[in-house]
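For the protein sequence lines, the chains are H and P, in the order given.
Going by the numbering used here, the letters in the first sequence line up with residues 30 to 302, in that order.
Going by the numbering used here, the letters in the second sequence line up with residues -19 to 490, in that order.
Just so you know, these hints were derived from the structure itself, not from any lab.
Accuracy of the hints is not assured; some may be wrong.
[To be verified] Here are some chain H residues pointing at chain P (derived, C-beta under 7 Å):
1. 56
2. 176
3. 177
4. 180
5. 193
6. 197
7. 210
8. 240
9. 244
[As the list claims (entries may be wrong)] Some but not every residue of chain P turned toward chain H, in silico, with C-beta under 8 Å:
10. 101
11. 315
12. 325
Everything numeric in this text was worked out from a predicted model, so none of it was measured.
Idealized CB from N, CA, C, for every residue including glycine.
The chain contents come next:
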Amino acid sequence: MLKMIYARMQQGHRTTKYPDGPAPQVADRFRGAPTIDVARCRDGCRACVEACPTGAVTLGGKVRIDLGRCLFCTDCADACPEHAIVYKNDYRLAVGVRSDLIVEQDTQILSLAAAMNAKLLKLFGRSLKLRQVSAGGCNACEADINVLGTVGWDLGRFGIQLVASPRHADGLLVTGPVTRNMELALKKTYDAVAEPKIVIAVGACAISGGPYLDHDQVRNGAEAVVPIDLYIPGCPPHPLTILDGMLRLLGRIEDGTERKPAGQARPADLIAS
Amino acid sequence: MSRDGAQTAAFTNGRSIELDAIPTLTLEGFEDAVLDAVADGERVAAMFGAAGERAAEMLLYVVLASDHENRLGVARTVIDAERFPSLTPRCPQVHLFEREIAEQFGVRPEGHPWLKPVRYHRSWTGRDAWGRAAHEAILPGVTEFYRVEGDEVHEVAVGPVHAGVIEPGHFRFQCHGEQVFHLEIALGYQHRGVEQALIGGPGPRSIHYAETAAGDTTIAHATAYCQVVEALARCQKSARAQTLRGVALELERLANHVGDLGALANDVGFLPTASYCGRIRGEFLNMTALLCGNRFGRGMVRPGGVGFGVDDARVAELLKRLEDAAEDTAVAVNLLWDTPSVMARFEDIGRLPKQVAVDLGIVGPAARASGLSRDVRQDQPSGIFRFAHLPVSTYDAGDVFARAYVRWLEIQQSTDFIREQLSAIPSGEVRVAVGALSPDRLVVALNEGWRGEVCHVAITDFEGRFGSYKIVDPSFHNWSGLAYALRNQQISDFPVCNKSFNLSYCGHDL
Ligand code: SF4
Ligand code: SF4
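Okay, chain H solo, but in the shape it has when bound (with noise of 0.2 Å):
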């Protein structure tokens, strides 16, 4: 008993303050939202959109990166003689529309995403149930969903909880490609889950595809079987990532959610399919 409570002594409080106080330092070499200086690209060149494994660098008049696709891998960057395209440190990257994950030269900052509408922020603002579909994937996004629950993040102070059953759940948080071997319980998941619902896609893979894009063996993520409200990049995204993304749903976090100005908000058809 009394080493037990040495122990509670010794480890001490490690609960993060944020978001009423800073957000924990993410690494120095830790890679999140890219921006692209095009004036610099030389004629021809396409060493970048060679480079990448997944298809995510598109060259339409101009260099485009598709952070649904992309596995912050560098690859593109590092491929770049004019070193054109550099990966930030900002780990805010969740948005609310599938086209607002592309960056190119004129709008680098993302439409980050904005909170649900009234009616939900009414029933899921102070309690979000969320059943976690897992579809294919590598597990680490898994494994970063549920540090989120240790006493680091303590998720539960916001009044999200992962729940056992769908029946529990308001709705899904969904990770993986979607294997074809996981399509239908991907769907009756969701259909076992009461309306209104909200669904999230966690990872290149949900949103994707990933590093299985195009593979016979998936369905290029999650919308290709659920309607998704929230987008969630990285391979895998950071815990900040998926709370900040998570918060901003709730109405938590409001900077960042301006639109882009008329005319450049870009049609979902810039998606490189």
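Go by the hints and put chain P with the ligands onto chain H.
Coordinates of chain P with the ligands only, in the frame set by chain H:
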């Protein structure tokens, strides 16, 4: 190499061998080579099919590991019929390899006692080992299951979607009251076609396939992949790069072992250690992120070396964090052994006897907890482990306690290893250029991941591209160990038994 003149070609971990130097045996010769080697104490590290010269032909390869002699053996035979005699009745550790071959190539191992699909996908050849028509849907888990009949015997089915944040899998328990007579595990839900997609590589995605084969084992799989490429390109990486790879591998082990001890505590309702270890695991992940920016080690291991170097300040910071985390871990973990209610739930639960572990080809901490001194870092060392020897941690009880305690021993060994390596890190480049791969060769790379042996086997075609790429995650060997350990246990002991193995679904399903 083996008795009775059965021949395999000998080579070592991380060295390539010319395809022409691999003996092509008769079917009987092949069987003898496998059976003799296993009788001599060798292990089947991999057994797989590869496309033969003609469409109707399959080459059946076996990679045998002789742990006592630090060497590997490889042999092959041509299967030109739709069936071949199963080795499983005589050599149980190949049971899942044979099922996999049947599923991928549509060739039937006749006499296999339980020939079912592994991952529920169409075969690669158009032939089907179960005679299913091309238009018939193949649904995961829709198959025969072993059933126990009798009064009061009932079946409990769980999954694929589980209660926690866990990967999908389907479990069928045959129970008599609370007692489990038999557990059968059906997987394949995570199958995303990694091995097939690697064929024709290396390409821009290849390293990422390795890094995501099992996301919590990124470093071990990426290292194996890079060893494959480096062996085929005859590339020499620096001592500094090898040291950093070793440090990253042991950090991966630390994060997962600490996390598992916390999860085991949670499953027996001992919340102090559960919550402390949950947090401390994150500290180790953050140390990996300090190295390479990603908590799972994405980007750290690259062909020719490592993607990120370190300077003195970073090394100092790593060492400082290591000491802090090591101290917190010791306090948190030792609570387990001092708490009788925890020990009562760990001891004598989920026993895997040593001989069963040998027969099933169990690897990693699960094997060592059943008393086997089996560790790639000792038996088939590569990279830094050829110079720095880690003592192998074993325990002989084979129960949940043993699997937990071996992890604790390994946590201490890995901490010492990282401390020593970082304190005397050799100088030099961290990454060198890698040239084209040599054609018509085979290479095997083995690494001791935190769950056990990670095995990659590549065969290049005449142009130096991957003609075949086989990945054996430790979970592929060990799922059967978990099923065995559940026999005659209470069904309520499943969570703690399961966590004591903590196997990968995606690594198995690839
Ligand atoms: S960082 Fe993203 S966009 Fe760049 S190469 Fe990697 S996956 Fe492609
Ligand atoms: S997005 Fe990346 S980290 Fe997440 S499951 Fe897919 S491969 Fe793994």
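When the nearest CB of chain P is found for residue 240/H, is that gap smaller than 7 Å? holds, 5 Å
Please verify that hint: residue 325/P, Cβ, nearest Cβ of chain H, below 8 Å or not. Residue 325/P check fails; min Cβ-Cβ to chain H is 17 Å, beyond 8 Å.
The hint names residue 244/H as touching chain P; please verify it with the least Cβ-Cβ distance against 7 Å. Hint on residue 244/H: holds, closest Cβ of chain P at ~5 Å, below 7 Å.
Would the stated hint for residue 101/P survive a check requiring a Cβ distance to chain H of less than 8 Å? Status holds, d = 7 Å.
Grab the minimum C-beta distance from residue 197/H to chain P and call the hint holds if it beats 7 Å, violated otherwise. violated, 10 Å
Status of the hint placing residue 210/H at chain P (closest C-beta pair under 7 Å): holds, 4 Å
Quick check on residue 176/H please, does its C-beta sit within 7 Å of some C-beta on chain P? Hint holds; residue 176/H Cβ to chain P Cβ min 6 Å, cut 7 Å.
Given residue 315/P as an interface hint, is the shortest Cβ-Cβ distance to chain H below 8 Å? Where the cut-off is 8 Å and the nearest Cβ of chain H is about 6 Å from residue 315/P, the hint holds.
Interface hint compliance - residue 56/H to chain P, C-beta minimum distance less than 7 Å: Since the shortest Cβ distance to chain P is 4 Å, the answer is holds.
Holds or violated: is the Cβ of residue 193/H closer than 7 Å to a Cβ in chain P? holds, 4 Å
Does the CB of residue 180/H sit less than 7 Å away from some CB of chain P? Cβ of residue 180/H sits 5 Å from chain P, so the hint holds.
Interface hint compliance - residue 177/H to chain P, C-beta minimum distance less than 7 Å: violated, 10 Å
Checked against the numbered hints given earlier, the structure breaks hints 3, 6 and 12 and satisfies all the rest.
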